[in-house]
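Listed in order, the protein sequences are those of chains A and B.
Here the working numbering is used: the first residue of the first sequence is 1, the next is one more, and so on.
Here the working numbering is used: the first residue of the second sequence is 1001, the next is one more, and so on.
Keep in mind that the hints are not guaranteed to be accurate.
Stated by the list, open to error - With a straight-line cut-off of 27 Å between C-alpha atoms, the simulated DSSO-like cross-links for lysine-lysine are:
#1 Lys1406/B x Lys1377/B
#2 Lys14/A x Lys1450/B
#3 Lys14/A x Lys1390/B
#4 Lys14/A x Lys1377/B
#5 Lys1436/B x Lys1406/B
#6 Lys1176/B x Lys1109/B
#7 Lys1386/B x Lys1406/B
#8 Lys1450/B x Lys1436/B
#9 Lys1377/B x Lys1390/B
Don't read these hints as lab results, they were simulated from the structure.
What follows is each chain in one-letter form.
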Amino acid sequence: MTRRADILGRIRAKLNRNPENATAGRAAIEETLAARVQGPRPPVDTEKSALVRRLIEKSLAQSSTVDTVASDAEAPAAVARYLAAQGLPLQAVVWPALAGLDWAGARLAVAARGARDADPVGITGCFCAIAETGTLMLCGAPDTPATVSLLPETHIALVPASRIVAGMEEGFALARTELGQLPRAVNFVSGPSRTGDIEQTIVLGAHGPYRVHLILLAQD
Amino acid sequence: MESRAHRFQANAADSLANPVLQANLRTAKGKFVDKRAIALRELGEADAFEATREAARAVRDSVLGDIDLWLEKFEENAVARGAAVLWARDGAEICRLVAEIGRRHGVAKAVKSKSMLSEEAGLNLALEASGIRPVETDLGEYILQINRNEPPSHIIAPVVHKSLDEVADLFHSVHKTPRKTEIPALTREAREVLREHFLTAEMGISGGNFLIAETGSVALVTNEGNGRMVTTLPRVHVVITGIEKVIPTLEDLCLLMRLLPRSATGQSISNYVSVLTGVKRPDEHDGPEHLYFILVDNGRADVVGSEFRDMLRCIRCGACMNHCPVYQTIGGHAYGWVYPGPMGSVLTPLYTGIENAIDLPQAATLCNQCGVVCPVKIPLPDLLRKLREKQVERNLRPRFERGALKVWAWVARHPTLYGIGARLGVRYLKWLAGGKPSIAVLGTAPEWTKGRDFPAPEGRTFRELYARRRGKP
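Here chain B stands alone, though its shape is the one from the complex (with noise of 0.2 Å):
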């Protein structure tokens, strides 16, 4: 998918500016985040979740330690169970190997459960140019991608953006059916519509919420069923996954599982947990011949070991998004690719280029509230932090910024002159409050009140005060 990040300035302004969009967020507002937290106390005494994320990313920082040598462990298990594994680079690897495979076993139609990894390769639109028809399978990719491949605006809840009545105007318009307006009813439409799918698909593409090496497994999860049906019915079955992916045994996927329904969607556990291992056996009914993993790089690598390693903790639960006071004003297509949010804040530019997504780390009040309900404690304020150093250290800021950084810094090392500029300052500030506690438009920096108030001092510094109670002039 071709990043928008450059754009998020407009990007935002555009959700801002949408009644519709604003409307839609408001309705989504809270309920993952009330329904997460009551989850969380079914885990036990107050300091339960807390010992269980401390347990799930140390269980991770291990993996991402070693993660070339259980990498080579997760391909020793699934090839012994008859899995193919393969690698890729980027996402045009991703599109070439997928539409191979399909080539390979005659494919005219693949069936998806939700990969946000295809998101990342854009693979839609390369399947289509090879002959092969995807079908998204997970409701909300399945009106994003009947609403001419619209991107998803949060990673588990994709339609978040949408309303009850865009979604049946969709359904009506593209299905050309009776337009229905209760939810039950349309879901049931969907699910007709895309049986049929299911059954007459010979692949199934899926992506992989852990990598298990002890089995050389694959643990997908679905509160839909799609999952199991892409995996259970077309006889062809491709895994597209990040390396990162890996964890060692099925002991650690229970550790995860009790984390990551919680902090997703606020359930105990998802409806549907499958931990599938190898090709099916000549005398099973059902079951795909022919198992492919595909292994991705796509800027993964070059994060190991670097100051940013901990982002590859991740596991995708979106909760850092649904506690985000920017997320929840501006919406995900604001941020401009596949990931939204605080994650997708820190995963954009580390994928597609700081220099190309140089709003993003900007854009955090740096709250930490994402830091908090984090389930493998990554810590997004303080990479947040890392990618604004980085574009100050490769001179990526505005000109004037960096010039007033250099002229501040200047006087900063010069005491006096610091003194003087302050007091002139805070009762410029002063005066231009004209004896309000806010000061509503800036003169100086009038874009900085655009959207916001600015605090009007009180007419004296600091260093005035402390001096008038230390007893000097």
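If we strip away everything but chain A, and leave its shape as in the complex, we get (with noise of 0.2 Å):
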């Protein structure tokens, strides 16, 4: 017998399984999947300002950092400002997907690619950003690489106000909507990489960025 006959044949002996209530089962479980039943949620104000305010509010909460600027135009200039501020190097590794706007007007040097582990800023957008908790939404393609958001120090979001959802359940929604089937990699990013392993005292940087900025645009 194989491990898989095995392993579900004593389950099946434990629920009297029979082929009169698996077929009952597989039709609820169709039914199950098409009506994505959604647990109780917190209270969150999805009034668009309102979103925006918490988003701001969660995401400073999990010790990452906000600007705000009107549109995409001008956040090159915002990601040179933060860098000099930080006192970092005006290079960076982009999103892909990224490449079109002008990095260069704002005397930063970026490269279109996935990160490498020497690379000390990494630029992504995002697919959506959650109020609820103030979380990063990347869902993984070719012009988005998911090592971008994970390997260098410091990481600089985009976040357009009008991707801004309120919980993950929005999230997920679209992303049937616009993408189909999941991508491989979606990844729920809230603030730097953490660690509270030595004597519960929480430290930043554990093995991904120890800085995350996110660049709000407002009219995006």
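Could you use the hints to bring the two separately framed chains together as a complex?
Set out below in structure tokens:
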């Protein structure tokens, strides 16, 4: 007997599985999958400006920093300002999806590709952002590689205000309608990487970025 | 991992006598508890936690009632996205399967994100024996691995029993670097050592917090980002997870993610929640080319549909141990196997044999703090009590205890005799107390008063008092 048949066989014996209740059970599964029932949710004001305010408040609570500019045209200058203020070099790796912005105009040396170990700064967009918890939802694709938000010590994310949603549920709903099937990697990022393993003392920058900086694009 | 749960009494005595461990337990005590309480308030009104955990309980129960069919559904969707789904009955089969996968893909080094299943299997030693170097990448697990494969003492905070000083000594001696005493400096040192491993390992091994049937995905929750590294950089990814971890939809993941980090570390959300589906596309820059799921039984299938089935709802948050007065006193190692605290006192006997962990179900005050905080409403004290019943049914209790219970049962069926016995008993105990409110050494059972006092009775039995109140002699 295969391992699979053995394990499932013992489970089926325990559950008194027979052909009839198996058919009924499979039908119930399809119903559950189609119904997508949501659980109770914490109160989140879904008015547009309230979502923006909540995203900012919760992002700060997650130890991210936040800047706001009008649109993506102003993003390169905002990135340059942030890097200068942090004393970081004006060089970064960006998502190929963002290669079209005028980075050189802000005197930034950017490479549009996946990140390598030594890249100091990674610039990404986001699939959407979740106001409830101050979270970025990032979807991996050839022009939005996951490494850019992971390997560099500093992660900067451009967040269009129109892409702020209330909760994870709305993020997944957007993915279903806009992408069809889930991409290989959906990463929810809430602030810098951290660990509390030594004496339950929280330290930022465990394996991922030490700094996460959101640039809100108010009119995008 | 070989269980030492049968040595619980000796283990617990060692823990109590270890001043370093006791100091470390005192440092940790309460940190998780306070943060959890604050984080739960964000859910809304006072009854919001109850409503949320009731919904979570219902989701978990509904899946477990049809777990065979849900596993098939998960498998179908995972395979459709290019993953391979394998099954393992026990730890030895996990080790064999992972070693085989490693050989097939020419793996010399595997980076690991936390997996309790790999602890159950003792996977690290098995991989080393197969010529594959396993590297733990969770900071806590890494500290344990370089300390000669010490077992974890907490499912969320594996080195909660260690002090900063101990970690500083360990890094100094293993990394051959100047001794550092600041936690950020130690964390950076581990980051640099492990970054090299992330970049060069051919295989990543992770656990799975949830398997999502709708999409055939695994959900991974970490704060450090090691879960992302392990599943982004190596060309092979192996997920090792229990068969009970399936949930139906992404909506169910949203629900459970409101409870898991709050219950575990008191965070609204963990820093990284990754939902991973299938293998990378040919034009993608990152992600594994090969993805394997190993769905593990190791005792779980036999719990399905049994009187202990509630335990399978467990989402491994650790809230029960954080709130357990016994765990807080003896630490995790005393429990002797992978899972400590109340959940461990149920899981260890169920997965390794009731007869091999006789003391664990007794190592509880049944105060129900664990039951009250459990985010999926597992009635832990009830399950512990049921395990005690099983021990009696299977004649596993010590001979003296069985004999004493038989005598008591016989006496209890003879009310006159019982009344006389009780009257003599309370008078003896009152005399023994000698006017004090408690008894320091119980004459007939000195073991019982070794770690506690026995409250002294007032001198008359309930039946005597009742009879007097009714006006009878």
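Inset, instruction - Any hints from earlier that this structure breaks? Give me their numbers in increasing order, please. - result: When the structure is compared with the hints, numbers 1, 2, 5 turn out to be violated.
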